[in-house]
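These protein sequences, in sequence, are chains A and B. So the first sequence is numbered by the working numbering: it starts at 1 and just counts up by one. So the second sequence is numbered by the working numbering: it starts at 1 and just counts up by one.
The reader is advised that the hints may include incorrect statements.
[Said to hold, decoys possible] No more than 20 angstroms apart at the CA atoms, straight line, and that leaves these computed lysine to any residue pairs for SDA-like:
1. K10/B with L60/A
2. K27/B with L49/A
3. K62/B with Y27/A
4. K119/B with L12/A
5. K119/B with I17/A
6. K119/B with I25/A
7. K62/B with G117/B
8. K62/B with I118/B
9. K62/B with L58/A
10. K27/B with L60/A
11. K62/B with Q43/A
12. K3/B with P14/B
13. K119/B with K85/B
14. K27/B with F11/B
15. K62/B with G13/A
16. K85/B with N96/B
17. K62/B with A74/B
18. K62/B with R9/A
19. K119/B with I66/B
No wet-lab data here; the hints were simulated from the structure. Since the model is a prediction, treat every value here as computed from it, not as a measurement.
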Amino acid sequence: MPHIGAGMRISLGLAFISMTEAEMIMYAGQGLGYLIMLSWRAQRFEVLLAAIVLIGILNLTFDRVFRYFVEEKLLKWEKGIVK
Amino acid sequence: MIKMRKEVIKFALPLFFFSFWAIMSLKGFKPSLFNVLLVLVHPTKDIFGIGSLVTCMVVSLKEIGIGYSVAAFAGVIIGILFYYKTFDDFFGSTINTLRHIPDIAWIPLLLVWAGIGIKSIVTVIFLESFFPYRDKYGVRSKEYTTALDRIWQVFRC
Numbered sequence: 001m002p003h004i005g006a007g008m009r010i011s012l013g014l015a016f017i018s019m020t021e022a023e024m025i026m027y028a029g030q031g032l033g034y035l036i037m038l039s040w041r042a043q044r045f046e047v048l049l050a051a052i053v054l055i056g057i058l059n060l061t062f063d064r065v066f067r068y069f070v071e072e073k074l075l076k077w078e079k080g081i082v083k
Numbered sequence: 001m002i003k004m005r006k007e008v009i010k011f012a013l014p015l016f017f018f019s020f021w022a023i024m025s026l027k028g029f030k031p032s033l034f035n036v037l038l039v040l041v042h043p044t045k046d047i048f049g050i051g052s053l054v055t056c057m058v059v060s061l062k063e064i065g066i067g068y069s070v071a072a073f074a075g076v077i078i079g080i081l082f083y084y085k086t087f088d089d090f091f092g093s094t095i096n097t098l099r100h101i102p103d104i105a106w107i108p109l110l111l112v113w114a115g116i117g118i119k120s121i122v123t124v125i126f127l128e129s130f131f132p133y134r135d136k137y138g139v140r141s142k143e144y145t146t147a148l149d150r151i152w153q154v155f156r157c
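Bound-form chain A, shown alone (with noise of 0.2 angstroms):
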């Protein structure tokens, strides 16, 4: 279980990487990718930092809360970690 908890954790972050640049390349019409390649289109940097820097706090609050649950609720009997 915990390798499978750290499985999980990495591919979350992965998740968002990939989404991310799918999005950008594909030009989908609809995501955050999509909103930061527009707005570079158009000039309008305040939007793309703005996509940044929602898309970074996303990734952080899954990862906090994959982390609360799953590390320090379900797997509390894990030996050798200091908490």
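Following the hints, position chain B against chain A.
Relative to chain A, chain B alone:
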């Protein structure tokens, strides 16, 4: 008191950064780069407004939710199946090769297969977040002695 000090220090750097940004935008220095506050103070109704930010966030979260949950479900099952040596020998090298392809390289091919839209983005997210589960060291750890103990340890919560 120490805890409060920690909280203050934690938010000091972003606050400093954004106040620097605000001062720059108010002074009119390079308005194209520094008027980020305008989007927050004057939420416009067009595509660049704050409503579009929320809409895009909802779409992105939907994609993440579908792609990540499917990948997690499939990945955990595949990862547990890697306990069997025959399975590992048969699929191991193939999956290892696929794992080292960057997901960005799949995108043109997926555009041909699934078209532009949520389907191909979900597939990219699935491909990226599926492979970290191939973790035979978790299932094959030497700490576990009996088979029953191993099953218990893998699913112990």
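Hints and how they fare:
1. K10/B with L60/A: Given that 20 angstroms is the threshold and the Cα spacing comes to 14 angstroms, the pair holds.
2. K27/B with L49/A: Distance of about 19 angstroms is within 20 angstroms: holds.
3. K62/B with Y27/A: With Cα atoms ~17 angstroms apart, K62/B and Y27/A stay inside 20 angstroms; holds.
4. K119/B with L12/A: holds, 19 angstroms
5. K119/B with I17/A: holds, 17 angstroms
6. K119/B with I25/A: Holds, at about 14 angstroms.
7. K62/B with G117/B: holds, 13 angstroms
8. K62/B with I118/B: Holds - the C-alpha atoms of I118/B and K62/B are around 9 angstroms apart, at most 20 angstroms.
9. K62/B with L58/A: Holds, at roughly 13 angstroms.
10. K27/B with L60/A: Violated, because 32 angstroms separates the two Cα atoms, which is more than 20 angstroms.
11. K62/B with Q43/A: violated, 27 angstroms
12. K3/B with P14/B: holds, 19 angstroms
13. K119/B with K85/B: violated, 34 angstroms
14. K27/B with F11/B: violated, 24 angstroms
15. K62/B with G13/A: holds, 16 angstroms
16. K85/B with N96/B: holds, 15 angstroms
17. K62/B with A74/B: holds, 18 angstroms
18. K62/B with R9/A: holds, 18 angstroms
19. K119/B with I66/B: Between K119/B and I66/B the Cα gap is close to 10 angstroms, so the pair holds against 20 angstroms.
Going through the hint list in order, the structure does not satisfy hints 10, 11, 13, 14.
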